[in-house]
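Position chain W against the provided structure of chain P, taking the given hints into account.
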Amino acid sequence: MKLFNKFLALSTCAALLLSLISGTGMAASAKPVRLGYLDNPGSVLCQIAAAAGHFSEEGLQVELVAFADSASGLAALESGAIDVGAFAVGDSLRAIAAGKGFRLIAGGGTPLHGNPVAEQSNSFQVEEESRGVVVVIPQNWSVAEKGTIIQLTAALIRAYRTSRNFTAVASLPIGSRPDSTFRFDPNPDYWRVEKIWSGLGLQNLTMKRDFLANHIYEEIYCDALDRLLLGDIDPVLQHLFSKAICTPNCCPANAAKL
Amino acid sequence: MKRRIIALTMVLSLLASGVMAATLPKLRVGYVPEPAHGLYFLAKEKGYFTEEGVDVELFQFGSSAEGLAAVKADKLDVGTFGTTAPILFITKGSEFTFIGGMMIGGQAIIAKPERLAELAGKDLKVYKGKKIGLVKLSTGDVIFKGALKKAGIDYKKDVNFIEFGTVNAVVEAVNKGAVDAGLVYPPHFSLAEKNHGLKVAHYIEEFYPDYTCCRIIAQTAKVNADPETYKKFLAALIRAYKFYKNNPEETVQIYAKALKIDADIIRSETYIKKVADSNPDPLKKGILDFWKHIKDAGYITQDYPLEKHINTTLYKEALDAVVKKNPKDKVYQDMLVFYKKNN
Chain P
154 MKLFNKFLAL STCAALLLSL ISGTGMAASA KPVRLGYLDN PGSVLCQIAA
204 AAGHFSEEGL QVELVAFADS ASGLAALESG AIDVGAFAVG DSLRAIAAGK
254 GFRLIAGGGT PLHGNPVAEQ SNSFQVEEES RGVVVVIPQN WSVAEKGTII
304 QLTAALIRAY RTSRNFTAVA SLPIGSRPDS TFRFDPNPDY WRVEKIWSGL
354 GLQNLTMKRD FLANHIYEEI YCDALDRLLL GDIDPVLQHL FSKAICTPNC
404 CPANAAKL
Chain W
400 MKRRIIALTM VLSLLASGVM AATLPKLRVG YVPEPAHGLY FLAKEKGYFT
450 EEGVDVELFQ FGSSAEGLAA VKADKLDVGT FGTTAPILFI TKGSEFTFIG
500 GMMIGGQAII AKPERLAELA GKDLKVYKGK KIGLVKLSTG DVIFKGALKK
550 AGIDYKKDVN FIEFGTVNAV VEAVNKGAVD AGLVYPPHFS LAEKNHGLKV
600 AHYIEEFYPD YTCCRIIAQT AKVNADPETY KKFLAALIRA YKFYKNNPEE
650 TVQIYAKALK IDADIIRSET YIKKVADSNP DPLKKGILDF WKHIKDAGYI
700 TQDYPLEKHI NTTLYKEALD AVVKKNPKDK VYQDMLVFYK KNN
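From first to last, the protein sequence lines stand for chains P and W. By our numbering, the letter at position 75 of the first sequence is numbered 228, and the numbering carries on one by one without gaps. By our numbering, the letter at position 232 of the second sequence is numbered 631, and the numbering carries on one by one without gaps.
Next up, chain W with everything else stripped away, as it sits in the complex:
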């Protein structure tokens, strides 16, 4: 009898979740296959989206440009495609709004093992006079130049940057000795270590803490038309962040399954080396700093009031709602402190 009741309960709850999902507001969410984008898979797998009242469908994209074009063409309701790409689209007239974040940090400088000694230490001056390979306008490019400027180094004069079209080309150039070091993002430095024996000389985080990487954007008109749905979406990601903080091994398995990336690489980057933080905070100050570095580097010379495209209210209200239900939770309290510092 007891078994029958359990079975019936399971069937009913399954049916109920199916019916719930069918009636919930839908969000089509685009992402790129990057381990630090894993909060989406956690929120999906653990049922947080449904519990918060939003039916999320995930779509993987191979390039930021294609992903943002899909947001613009109304084929996606949310996109997570770096920081540079949405800034470029916004400055050229796209009506996007930053509503949250997905990744903080994550960029590294790789070199051949025999070059590590000369790049050792915590002083960016070791890179003066060096030839550095990078993917132009990648987060590593923009933030590393920002870090050099903050350290008082005139990178336009003292560092020789060689631009490549792809991160694989950067790794190849480092491996061949065509450049002294290369700026790469995850999981490429782990792959460069595994496949070519290259080494991480520095994580840019060592010089520039809490810098922005991939941000969450949506069409401004959609956010304004239905802020509650976007708030529910962010609440689910906030809960996923807590899961990611407290359940390393299950998180690694969920990421590995969803992204089809070696679990050892994900474990190493996410929990051992902690190269990035999958944090949903919008990081408004970080976005504005990033924009300033793009202009300082001379990539775009025209100014633009980017601030009006950043909405921190949705995230703060979502976080407040989650905190209200879990007032003593340490992770959520830490998120509040972090929010106040960075927005």
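So that you can see chain P by itself, here it is in the shape it has in the complex:
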């Protein structure tokens, strides 16, 4: 009987220990990131990342939440109902100008209209660009969560690479395929956004000159791209890298290792 009691106690301890270990592990990986997206072809990189398993490749559990319009999506982002959002550039920038504190971490899809006469017009271009999609995070993402934001962005870059591969696209569910009337670019691209920002007249006299730059987290995109570039040479990633304006490092991160 004593032996049985000892066995029972040992088993209970082992089970407790196992549940603690697995519980901790679960807690670390199971907290899903709630990604809201505009139900529009411009957000398809989010759907590709989910359908092709790129979020999982980055060690993330992502729950997609569809929004019919950007205004309700941005309100959900502000209230904390979602963690990240893929919404219209113009609406996101207007929210930033209104002091919402959002930060852009990645680009998405922009509609192509193929109207060469209208495309000569700056205001037409701004209008078109502002209807594209960008990925934004709220102000309250902490520095400690930077790794997660990089993983999210890396998953969207992977999704872009998938979108450039005809075979891979053919195997995606129909609703998760890129629309040919959109062009896609996961780069949050300060200079492109700055044109939209200026075109929409959002900079006002009370804002510092770097107001917009403080809301575009290009460092995240560059870090994510750098990490993916560590693999085999990939022409799609090389192309993205050639277009990105990342702050170069000039020195070894740890001189002591030299």
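Calculated from the structure, these hints are not laboratory results. If you're wondering where the values come from, they're calculated on a predicted model, not measured in any experiment. Please note that a few of the clues may not be correct.
Not the full set, but computed from the structure, chain P residues with beta-carbon under 10 Å of chain W [what the hints assert, rightly or not]:
no., residue
1, Val218
2, Arg247
3, Val322
4, Tyr343
5, Asp363
6, Asn367
7, Cys375
8, Ile386
9, Gln391
10, Pro401
C-beta: ideal position from N, C-alpha, C; glycine also.
Just chain W now, with coordinates in the frame of chain P:
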């Protein structure tokens, strides 16, 4: 008795320096672990900062972006993080001002030993048709393209540049033969020679003398609010430059200790091959040339009046003050000539 007096004097001077440092205006200075950034360690070790009246605390950073973010967030009063990085920050709205320099030159083109013959000579045309690995927007990238343009070579058409995220990746690509040559900065070409048997084909200085590398920047508002403190800081660096010019072996030891880099590598790069000059001159013309090359390369297409972010007055006044105390010193006189030529 004599010994007691000496001991007492030492204790008093130590106490005095401690009290002095405690009452001096403070500057938190960020740098990256690069041998040519060594003036900071010399000025600190030899007591020049304290003598000039500024209490400097040094902070090492692993990346230029993080360093400049710290300057922007008011966690640093001075930053030394390349030339490209502060230009990118300024053009995106950061109110930084260039007040001095830390490094001139320093970039090299490496290749496998068996490729050296075809890259020999002093004509940049040897690089036409070649595949060159580089870290995008690094000083080597920007200046090499500037040198090619000055030599009349259409590098967008005639040279195949392959961009890498890190300098280690460039070295690896050269070593594997994935590229014909690679643009790298110190101490990586010395390390590439030591670890992989690669060779320096050219120093970019051979084609483009006195080009700007790491610059010293600070928040414009802080510089304007307290120019005297920044002037004292620059005066200490000017004196450190003289020490660096006149005391090679002690300089090597101070750099090696501070940076934890092999003394032989530092000696070779600093005094034998002289790959860079740790010169505190702001090099205004060099900064503006650099900005022009960034635009020519198409990295940034929008123009920006960068000149208003360069303050050469502080450095000139600091240099004049040092010269006034040492009117016949050759190093300081040479610095004056250099200043006039480059600003």
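Comparing the hints with the structure gives:
1. Val218: violated (32 Å)
2. Arg247: For Arg247 (chain P), the interface hint is violated, since the closest Cβ of chain W sits about 19 Å away, which is over 10 Å.
3. Val322: It is violated, given that the least Cβ distance between Val322 (chain P) and chain W is near 27 Å, above 10 Å.
4. Tyr343: Status holds, d = 6 Å.
5. Asp363: holds (3 Å)
6. Asn367: With a closest approach of 8 Å, the Asn367 (chain P) hint holds.
7. Cys375: Because about 8 Å separates Cys375 (chain P) from the closest Cβ in chain W, which is inside the 10 Å limit, the hint holds.
8. Ile386: holds (8 Å)
9. Gln391: Check passed: Cβ of Gln391 (chain P) comes within 7 Å of chain W, closer than 10 Å.
10. Pro401: Result: holds, 4 Å to nearest chain W Cβ.
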